[in-house]
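There are 2 protein chains.
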Amino acid sequence: MADGPDPIEAAVRALRRLPGIGEKTAARLVYWLLRAPDGTIPAIVDALTRLRAEVHPCRVCGDLTATNPCALCADGRRDARVIAVVERPQDVRAFERAGEFRGRYHVLHGAISPLDGIGPSDLNLRTLLDRLRDGTVQEVIVATDPDVEGDATALYLARLLADVGVRVTRLAHGISVGTEIEYADAISLGQALHHRRPIGGDGG
Amino acid sequence: MADGPDPIEAAVRALRRLPGIGEKTAARLVYWLLRAPDGTIPAIVDALTRLRAEVHPCRVCGDLTATNPCALCADGRRDARVIAVVERPQDVRAFERAGEFRGRYHVLHGAISPLDGIGPSDLNLRTLLDRLRDGTVQEVIVATDPDVEGDATALYLARLLADVGVRVTRLAHGISVGTEIEYADAISLGQALHHRRPIGGDGG
Numbered sequence: 582m583a584d585g586p587d588p589i590e591a592a593v594r595a596l597r598r599l600p601g602i603g604e605k606t607a608a609r610l611v612y613w614l615l616r617a618p619d620g621t622i623p624a625i626v627d628a629l630t631r632l633r634a635e636v637h638p639c640r641v642c643g644d645l646t647a648t649n650p651c652a653l654c655a656d657g658r659r660d661a662r663v664i665a666v667v668e669r670p671q672d673v674r675a676f677e678r679a680g681e682f683r684g685r686y687h688v689l690h691g692a693i694s695p696l697d698g699i700g701p702s703d704l705n706l707r708t709l710l711d712r713l714r715d716g717t718v719q720e721v722i723v724a725t726d727p728d729v730e731g732d733a734t735a736l737y738l739a740r741l742l743a744d745v746g747v748r749v750t751r752l753a754h755g756i757s758v759g760t761e762i763e764y765a766d767a768i769s770l771g772q773a774l775h776h777r778r779p780i781g782g783d784g785g
Numbered sequence: 582m583a584d585g586p587d588p589i590e591a592a593v594r595a596l597r598r599l600p601g602i603g604e605k606t607a608a609r610l611v612y613w614l615l616r617a618p619d620g621t622i623p624a625i626v627d628a629l630t631r632l633r634a635e636v637h638p639c640r641v642c643g644d645l646t647a648t649n650p651c652a653l654c655a656d657g658r659r660d661a662r663v664i665a666v667v668e669r670p671q672d673v674r675a676f677e678r679a680g681e682f683r684g685r686y687h688v689l690h691g692a693i694s695p696l697d698g699i700g701p702s703d704l705n706l707r708t709l710l711d712r713l714r715d716g717t718v719q720e721v722i723v724a725t726d727p728d729v730e731g732d733a734t735a736l737y738l739a740r741l742l743a744d745v746g747v748r749v750t751r752l753a754h755g756i757s758v759g760t761e762i763e764y765a766d767a768i769s770l771g772q773a774l775h776h777r778r779p780i781g782g783d784g785g
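These protein sequence lines are chains E and V, in that order. Going left to right, the first sequence walks through residues 582 to 785 as my numbering numbers them. Going left to right, the second sequence walks through residues 582 to 785 as my numbering numbers them.
Hints should not be assumed to be uniformly reliable.
Repeated chains share a single entry, so a pair holds when one copy, or any two copies, can fit it.
Stated by the list, open to error - In silico lysine to aspartate or glutamate, EDC-like type, Cα no more than 16 Å apart, as pairs: (1) Lys-605 / Glu-677; (2) Lys-605 / Asp-672; (3) Lys-605 / Glu-635; (4) Lys-605 / Asp-656; (5) Lys-605 / Glu-590; (6) Lys-605 / Asp-703; (7) Lys-605 / Glu-730.
By construction, these hints were calculated from the structure, which means they are not laboratory data.
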């Protein structure tokens, strides 16, 4: 509308940087913000400013938090004998939502992907080896994604930890709970068949 | 993840205020921001801060801009004899993108909607009457949305301006360019039929 860049255009351009937000959505958000209740923009500005200033990787597990070590690493009630290795901080959130896991985490911040030029040295692995040194940890659960990169990372970890004397396991693959078999993808169905268990047997 | 609200949770909550952004999308944006290039968060914070500090309604047309009057109202090359009355600042953007209109705008900031308790006194109408006072304006194009509220507002404006001595017109309704007739909605098709024009006649 103006001849040069104006605050509205600048805000649209800034919000367009966000993933999944195109020109139209950014404009819709900006005009919504211009009519939003008085404290809305300051609340967002303050939250983003805090995010940038206060959030750092935990020196123990690499998860992103405001405390160091993070609340989970500092929590003595968590089982120190089991570490779940995940690709991303979001995965820690997912496990905590599920509420089934009482051990500790280690965040790799990625997965091995030769095509993207990401090798083991790009992952948060050194601190993992440090954590295994004193013999407390008995099991490392590799909870990487069930895809090519996650598989490569799991295989690498299994080899890396073979001599450390910990049990290395991986999350079970199969059909998701709630999936109709008709619509299950072929690979998951194959995995579910391959890893089938006796009914009334070892849990389930 | 933490026992109390932490910066990540706070940022997720702040972004969830935005329309169309739910818990999952907000979390995705926050974790993306935590890994984004260094200047990303400051750029967004700065843009939102400017948006709040610098953008105000134009005293002439009511459009939201950083200058007062806005660039369009201050532009002597725009035809001062025609005013397009729109509901929202975004509608001005849409007209300017189309590039067909060379007149001026007036932004109502809403439309009459008794069900939502929005009456004529809630719209930016007083300054519109001021603009018509000196006789420069010869036509008011009512460019409200083709819906119940837009129709009610158009009707109200036509009556309000009946004695002012300006021509009051409304945007043509019909089927959108590119629409396949098979999929056109019934009301637009009805309007298109009702307002049909001779081929090679008055334009089109």
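Hints versus structure:
In this assembly of identical chains, Lys-605 and Glu-677 lie within 16 Å of each other by CA distance solely across copies; the values are 15 Å between and 35 Å within a copy. Only between protomers do Lys-605 and Asp-672 lie at most 16 Å apart by alpha-carbon distance; the minimum there is 13 Å, versus 30 Å within a single protomer. Taking the shortest Cα distances, Lys-605 and Glu-635 never come within 16 Å of each other, neither inside one copy (32 Å) nor across copies (22 Å). In the homo-oligomer, the alpha carbons of Lys-605 and Asp-656 never lie at most 16 Å apart, since the shortest distance is 45 Å inside one protomer and 26 Å across protomers.
Taking identical chains as interchangeable, the C-alpha atoms of Lys-605 and Glu-590 lie at most 16 Å apart only when both belong to the same chain, with a minimum of 12 Å there against 27 Å between chains. In the homo-oligomer, the alpha carbons of Lys-605 and Asp-703 never lie at most 16 Å apart, since the shortest distance is 36 Å inside one protomer and 27 Å across protomers. Neither within a single protomer nor between protomers do Lys-605 and Glu-730 lie at most 16 Å apart by alpha-carbon distance, with minima of 34 Å and 23 Å respectively.
In this structure, the earlier hints numbered 3, 4, 6, 7 are contradicted, and the remaining ones agree with it.
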